[in-house]
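*Asks:* Chains as they are written, first to last, in the numbering used here: chain H, -2 to 235; chain F, -2 to 235; chain E, -2 to 235; chain W, -2 to 235.
Everything labelled a hint here was simulated from the structure, so no lab data went into it.
If you're wondering where the values come from, they're calculated on a predicted model, not measured in any experiment.
Treat the hints loosely; a few may be bogus.
Where chains are identical, the list cannot tell them apart; a pair therefore holds if satisfied intra-copy or between any two copies.
[Claimed, not checked] Derived DSSO-like pairs: lysine-lysine, alpha-carbon spacing no greater than 30 Å straight-line: (1) K137 - K222; (2) K6 - K48; (3) K110 - K34; (4) K108 - K137; (5) K48 - K110; (6) K227 - K48; (7) K6 - K227; (8) K137 - K219; (9) K6 - K110; (10) K48 - K219; (11) K48 - K34; (12) K137 - K227; (13) K48 - K137; (14) K222 - K34; (15) K137 - K34; (16) K108 - K48.
In case you want the letters, here they are:
Number of protein chains: 4
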Amino acid sequence: MRDIPVLDKGFVRLIESMGGDAGVLQAARVSFAGSSKGEVADRRLIEYLLKHQHLTPFEHAVLKFHVKAPIFVARQWFRHRFGAYNEISFRYTTPSEDFYTPESFRAQDQKNKQGSVAAPSLDQEGLRRSFAASVDLAFKTYHGMVEAGVAREMARMVLPVTVYTEFFWTVNARSLMNFLWLRADAHAQPEIQRYAEALSEGFAQTCPWTYAAFLSHLWTGKNAKLDAEKDRLCSASS
Amino acid sequence: MRDIPVLDKGFVRLIESMGGDAGVLQAARVSFAGSSKGEVADRRLIEYLLKHQHLTPFEHAVLKFHVKAPIFVARQWFRHRFGAYNEISFRYTTPSEDFYTPESFRAQDQKNKQGSVAAPSLDQEGLRRSFAASVDLAFKTYHGMVEAGVAREMARMVLPVTVYTEFFWTVNARSLMNFLWLRADAHAQPEIQRYAEALSEGFAQTCPWTYAAFLSHLWTGKNAKLDAEKDRLCSASS
Amino acid sequence: MRDIPVLDKGFVRLIESMGGDAGVLQAARVSFAGSSKGEVADRRLIEYLLKHQHLTPFEHAVLKFHVKAPIFVARQWFRHRFGAYNEISFRYTTPSEDFYTPESFRAQDQKNKQGSVAAPSLDQEGLRRSFAASVDLAFKTYHGMVEAGVAREMARMVLPVTVYTEFFWTVNARSLMNFLWLRADAHAQPEIQRYAEALSEGFAQTCPWTYAAFLSHLWTGKNAKLDAEKDRLCSASS
Amino acid sequence: MRDIPVLDKGFVRLIESMGGDAGVLQAARVSFAGSSKGEVADRRLIEYLLKHQHLTPFEHAVLKFHVKAPIFVARQWFRHRFGAYNEISFRYTTPSEDFYTPESFRAQDQKNKQGSVAAPSLDQEGLRRSFAASVDLAFKTYHGMVEAGVAREMARMVLPVTVYTEFFWTVNARSLMNFLWLRADAHAQPEIQRYAEALSEGFAQTCPWTYAAFLSHLWTGKNAKLDAEKDRLCSASS
């Protein structure tokens, strides 16, 4: 898969996958010793499994992603425990200067304590300036400490959570659907929603029938991209 | 992979795999942003990871097996929780007549309460006869109940744990090594040891460097097949 | 907790628990640094968490059960991987003569391939007789082999899956709710439904608010006992 | 348990626990239907389980901790997936001004790329000054943005990973031993070593026999505190 750019300097890249829809179907069918009777029956079985929460067959489809994301996004990501993670270590390596700067700062949502809303009235120019000044000083301090001989594992303590990190993530389709359900939704922070959308492309590519069934039968959230795909699928099938 | 026959009617079949040694190395190297410097360095890195219990990179190599094994073996197998399982259901389907009959019955080990030892003095012929008679009656009773209209989920209650079942198992290399460590060892029941040996072939085929490093640096058990491979590897490398 | 008898010779016993509703609330509140404002607010928070799938706080309430159940029930149980299991080993110990005999045999459901239905027309007396004869021969064969010196781990191979086993199960409230959702429901085999009902008593006792919220907001299955409790709760709160 | 202070402003607090050594023993003994024969036999059983990697019984002892630690320590901590976490959210709440300032900065280890060593020659005074200046600007920028109306979830992006966070962690004794094995060891960053030492006190208090057996039979790392306890235990038992 080509890199899917996310935010200003991040990306999601599908490295490899195993199983796909066929792997899900094979695992599901061992339960009742059946075999495929064509696409219509296969897609109906996938829908049946999802609707009735028979989710173990979806663990046999596995995807591996390479991700570059700000630390505060990675922090939310790593709360999902059912997957394999390997992350770049700032004990070993010096981070690049990459950090995330939002295109525009959102205002605190007054109704939803954890949310944010578009804020045309904010002084975006000024905010960006003070944001950049703070991050710049952090990097300058970091490099100054490293040059003075301070261990990288200590110098990195000044770096802000908007700095980009990289990791590999191997995850099965069941856990990936759970991730999308929670992180593509409007309740999630917009930055991680963008990553969920990028992941959904890798998912659609490797497990197209499962992804379609996920949208039609599990997805209950709000997300412009996923909602549009759901609408397209529904009108195509009717 | 061809089927590997196990016991009298069982098998282990490697269906597919993802990642392999290269996937392990790629995941490991993100931590310190390095890249391959050839086979010697790659194998040394795998050995380093295993020796220092940096085991997460091995979660990026994933294998899917199709297994046919007696229920009592499957029961020990399913205690390993880090993997995906889908098993044939005797609520849906009628089991074939396949059941496991040991080539020879082993005697109770007098030193090790849970173990068994070869027993030339046992009346193998007579044991096999009474074993078969008991299993035959179970199957006859099963079929009689099903013909009388009893639900399969109830009729199967008379079936013994020596009856064969089938399942798919998707597992990563880290969990597979843990399985081999525990189940290929002489302390495990000999029947599941045979399955562990068959799995080791699929492992050797998909992750040859990891398997070699596992034998050299983690494996501390006793198993004729694995010990011989370890000896062969050690003499080859010296 | 007193033993709750299940089936003809099984039981569920709550051994100990940790956290309870208070533990759930404490963990949830760290997220927004709040503290309790009384029962109404506490119960509302629990309902909010369940409805929005914020399920991690429920992992801080932990229950430990001692269970005696037929092997075929234990086999379904152990498919739930998020919990700690320790089971009696028939490699070490000789099973008691306990096996499960159904009060009445159910017929195969013609609509639902995996289900069963009440069957007044079946020859219950005759079925019970042939069932008992088959299990009796299995036990006789087992004991004969053990007396002849055969290792317990081999002799047990003739024992049917209706034989009782015992295990300890430590599980958190999140996984327990998932278990109840799947196994108390009418789609599950009636025998494991009885165990799910017994577990629900231990759950109700240790986490009464969470259990009530589970019934009101998550439970969508069919089960006479749980449905009655749900009705009682709804009429009480209205 | 009283708070155990860690670093300059952090702590570890044992909130509650379940099972303890007795819970481990009870779970282990179901396997062979035995019962306690006094302390000597009980401790020997725990040692046997650990030495032979029979680790499931240790999952029945569960501990819940409240932790306050810098974000970079929490990031290493949350890589341990087998436990329940709930963390304060900086999307909802405004962080206090608490951040970690090292007593003294360590130099980069020239032999071990990820390590650090004591560095008397570093200009500690100057380093602390530039460190504080960078963190101060980050907090000032943060507060400036919040006052301007920027959503907390965005303003927090400038905050450095040395800022303190808080979380609840429920973990079983098996996973806790794995954590200590990896994080109390000299290869781990010294800051998380201090947390591992604090956790070991809660462990020793709730599972004294298991902790002693862990030190004697599993622990192979280097840590002044744990090594001293191991020495004390060994000389006491000889």
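*Asks:* With reference to the structure, classify each hint as holding or not holding.
*Replies:* To see whether the hints hold, each was checked on the structure:
1. Taking identical chains as interchangeable, the C-alpha atoms of K137 and K222 are never at most 30 Å apart, the minima being 39 Å within one chain and 37 Å between chains.
2. For the identical chains of this complex, K6 and K48 are neighbours neither inside a copy (38 Å) nor across copies (35 Å), given an alpha-carbon limit of 30 Å.
3. Taking identical chains as interchangeable, the C-alpha atoms of K110 and K34 lie at most 30 Å apart only when they sit on different chains, with a minimum of 18 Å there against 51 Å within one chain.
4. When the C-alpha separation of K108 and K137 is checked against a cutoff of 30 Å, the pair qualifies only between copies, where the shortest distance is 26 Å, while the shortest distance within a copy is 38 Å.
5. With identical chains, the CA atoms of K48 and K110 are at most 30 Å apart between copies only, with a shortest distance of 18 Å across copies and 33 Å within one.
6. Taking the shortest alpha-carbon separations for K227 and K48, both the intra-copy value of 16 Å and the inter-copy value of 23 Å come in at or below 30 Å.
7. In this assembly of identical chains, K6 and K227 lie within 30 Å of each other by CA distance solely inside one copy; the values are 28 Å within and 47 Å between copies.
8. Within a single copy, K137 and K219 get their C-alpha atoms no closer than 40 Å, and across copies no closer than 35 Å, so neither meets the 30 Å cut-off.
9. In this assembly of identical chains, K6 and K110 lie within 30 Å of each other by CA distance both inside one copy and across copies; the values are 28 Å within and 27 Å between.
10. For the identical chains of this complex, K48 and K219 are neighbours both inside a copy (19 Å) and across copies (16 Å), given an alpha-carbon limit of 30 Å.
11. Taking the shortest Cα distances, K48 and K34 sit within 30 Å of each other inside one copy (20 Å), while across copies they are farther apart (38 Å).
12. In the homo-oligomer, the alpha carbons of K137 and K227 never lie at most 30 Å apart, since the shortest distance is 47 Å inside one protomer and 44 Å across protomers.
13. Proximity of K48 and K137 under a CA criterion of 30 Å is satisfied in neither setting, with 53 Å inside one chain copy and 38 Å between copies.
14. In the homo-oligomer, the alpha carbons of K222 and K34 never lie at most 30 Å apart, since the shortest distance is 32 Å inside one protomer and 40 Å across protomers.
15. Within a single copy, K137 and K34 get their C-alpha atoms no closer than 63 Å, and across copies no closer than 33 Å, so neither meets the 30 Å cut-off.
16. Taking the shortest Cα distances, K108 and K48 sit within 30 Å of each other only across copies (19 Å), while inside one copy they are farther apart (33 Å).
Checked against the numbered hints given earlier, the structure breaks hints 1, 2, 8, 12, 13, 14, 15 and satisfies all the rest.
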